[in-house]
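Chemist: Protein chains in written order, with the numbering used here: chain X, 8 to 99; chain R, 12 to 198.
No lab work stands behind these hints: they were computed from the structure. This list has only true hints and no planted wrong ones.
Here are a few chain X residues that face chain R, going by a calculated C-beta distance under 10 Å:
1) 28
2) 29
3) 30
4) 32
5) 34
6) 38
7) 39
8) 41
9) 43
10) 46
Ideal Cβ placement from N, Cα and C applies to all residues, glycine included.
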Amino acid sequence: MIWEVFRQERKGQAFAHAGSLEAPDRGFAEEYAREFYGRRAESQALWVVPRDAILEIDDFVDELERNYHRVDGYSLKEKLKEARERAASGTR
Amino acid sequence: MSELLLELADDELILGWRDSEWTGIAPFLEEDVAFSSIAQNEIGHARAVYELLARERGTTADELAFDREPAEYRCSALVQLRLVPDWARTIARHVLYEEEDERRVKELMSSEDAEVAGLAAKIDREEAYHRIHAQMWAERLRGEPRYEAALEELRPLVSRRDGTSSEFAGLWEEMTMVRRSVPGAAW
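Just chain X, with the same shape it has in the complex (with noise of 0.2 Å):
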C-alpha cells in the first residue's frame, strides 16, 4: 500500500508533498513517515495520506488558447513599459 507524505517544514506554512513510502497500514505508515521525513527534526508536522484517497485531475483542455485566463498569459510588464514611455513623450 503506497503512501503520500506531505511535509511543513515551520508552524503556518503550507503542506508540501515529500514524497511517498510503502507500508502495510496506518501505524507502519506512521512510523515510517517519522523515519522518513522527521526523525532530523527537518518537519514540524506531516500529512500521511493512503495514495487511493487522492483525487487526481490531470486533464485539463485548453483548446480555445484562452490564456488570458492564466497570470502568465496576460504579460502585464510589457504593457506597462509601453504606457509608461508613452506616458514619458506626452503622447496618449
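Please build the complex by placing chain R on the supplied structure of chain X, with the hints as guidance.
Modeler: Structure of chain R alone, referenced to chain X:
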C-alpha cells in the same frame, strides 16, 4: 548502579551491532531504513552511557566499548545471537528486548543520581518509538508459528548473563579489529 549501567551499555552496543546486520537486506526498503535507524539509536544510547561510566572510571567511552576482552562484556545472551537472515527471530528478540529494556530504563529514571536519571529519560524518549515499532510487528506476526516459537526459544535468554558465547567472539573480532590494527592510535 555502575554494573547495571554497564549491562545497559553493552546490551545496547551489541544489539545495535546485530540489528545493523540487517542494513541493506531487510525484508523491504522502508523497514530497512527504520530498523537501521533503531540500530543506530541503540549504539547512540550505548555511547552516552559509556561516556557517563568513563568519567566515573577515568577512562574513555571508546576504551570501554572496544578495548575490553570478550569475557569482560556484560551483555545478555539474547543480544549476542546472530539472527540474520531470520526475520521472525529478529522481531521476537526486538519485542523481548524492548519489554525488558523499558523496565530497566524506567527504573534508572527514578535514580537518585540526577545525571543517570536525566540520561535515562532521554533514552526513554527515543525508546518509545522502538517500542511502538516492536509492538506493531508483534501484532502483525502474532499467531505465526515461527514467530511464536522464536518467542519461546529466546525468552529465557533475556536475563541470562553467564558470559559471552563463541558467536559473540566472532562479533568482538570484527568490532575491535580496526582499533586493534593500530594500537594506541588517536582516531
